[in-house]
Amino acid sequence: MKKILIITSAFILVSILSVNQLQAQKVYATKTGQIFFNATGGLEKIAAVNNQVDSKFVDATGQIIFGVLIKGFKFQNQLMEDHFNENYMESTQFPKADFKGYILNIKEVNFTKDGVYPIQVEGALNIHGVSQKVSTKGTLSLKQGKASIEGEFSVKIKDYGIKGLYIGEKIANDAVIKLNCQY
Amino acid sequence: MLKLHSYLFILCILAMQINSQAQKIDLFAETGTPVTTDVTTSIFKTTRIVNGQSIENVGAGVLDFRILHRFGALSQGGYNFFGLDQATMRLGLDYGITKKLMIGIGRSTFEKQYDAFVKYKIVSQQVGEHNIPLSISYVGTSIYKSLKDLSLAYQPYTSDKFSFAHQILIARKFNDQFSLQITPTLLHYNIVENKTIPNDFYSLGIGFRQKISKRVNITTEYFYRYNKLDGYYDPLSVGVDIETGGHVFQLHVSNSTGMTERTFINETAGSWAKGDLRFGFNISRVFTLKKPKELRDIKW
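Residue numbers (the numbering used here), protein chains in the order written: chain H, 1 to 183; chain Z, 184 to 483.
Heads up, some of the hints might be wrong.
Stated by the list, open to error - Not everything, but these chain Z residues come out facing chain H in the computed CB check (under 7 Å):
{"hint": "1", "residue": "Thr224"}
{"hint": "2", "residue": "Ser225"}
{"hint": "3", "residue": "Lys411"}
{"hint": "4", "residue": "Asp413"}
In short, the hints are calculated from the structure, not lab data.
We treat Cβ as the ideally placed atom computed from N, Cα and C, and that holds for glycine.
Generate the whole structure from the sequences, applying the supplied hints.
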């Protein structure tokens, strides 16, 4: 009986340790991140914002994901938004864009201390059903236990199989993407 | 002893399971956000099918300047250059107050008409949380004919020059290529020529859009009139929508002259059988007057 007691307490100890390990691996998540892109090629401003970015990252591994619905991008004019969805992004067929990758230097971030940490992110960006490798710099800010990530990078529109008459004219060849997520 | 062993074994497995759970946070394995509500957009290319209203609204804060142009009938022959010598037009301004509500005003050279309309989207076709197979809108139009009618024996009241159209637009986008709309319509004349003519006329419109490329659509629109005004024909129009960035061009062939609901639905004098076809076009250019609120705080 004594042995059982010892084993049980050992088990409880192991469990507690496991739980501790669980806590050490914190998942930061948001559903209201902001993503903004600018693909202005001519006089007309071709830019849009989406305030419903779904993002998560794990502090221990640096694993990070972003997801966004294409139809959630707001343009300054409805017609542009319609053309974006119908002619360029084909959003009925490809409703989502996402990114799956890692913060490479996550170990340099001290999650117990407030501050702004430069980060290096690498992963696969999937837009319009085409996946491309993306590597970019950004910052991870910590303030009273709250994390936020900001980043900026540019993509070649044609790399993602997006075709259209105005790419390279009214629409720039490269779209600048800015991201701001408060977790 | 055996009991103890099995107890130990079970505990170990449990501990391992918990441990393995702790180590296995894999974000990539998650399926991500499901598409909760997907509202169908771009059922038609623009706010008119050809002459008649389509289910589409202009966006909130967007002003749409529309120039509608109709030439004379092809059947007029070479002397009138197959109708191209003549032209009537309508200038219009449409504005989206909200995503669902739009208003518009217009002036036609035909009968020197003024018109104003209000269009409200009642339901939107969508899948996801709610599955709604159709979009439904209401359009109310009032038309004022300012042409001086010399034939009348008396001085008409201002109200006599008004006519109204009430329409329910029921549309469905079947796939990316094909959309269909039916349009039950009630037309009301404040005054008619004599007692045998009713003030109210009922008709049913049917229109479709068939995409042939990303920027080009074929559209067709027909109104069947249940009670008919003598001497007029059902309007049938066939057109092409061409979109170039901020503009939409609609080129079409139709037997109707007027560009307001009363005149093109009920008072189409031309007949397809007699070759009274008119070439026409609509040009639409949009301007953003008010940026969506999501974009206002952003530094470009």
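Results for each hint:
| no. | hint | result |
| --- | --- | --- |
| 1 | Thr224 | holds (6 Å) |
| 2 | Ser225 | holds (5 Å) |
| 3 | Lys411 | violated (37 Å) |
| 4 | Asp413 | violated (42 Å) |
When held up to the earlier numbered hints, the structure conflicts with 3 and 4 and fits the remainder.
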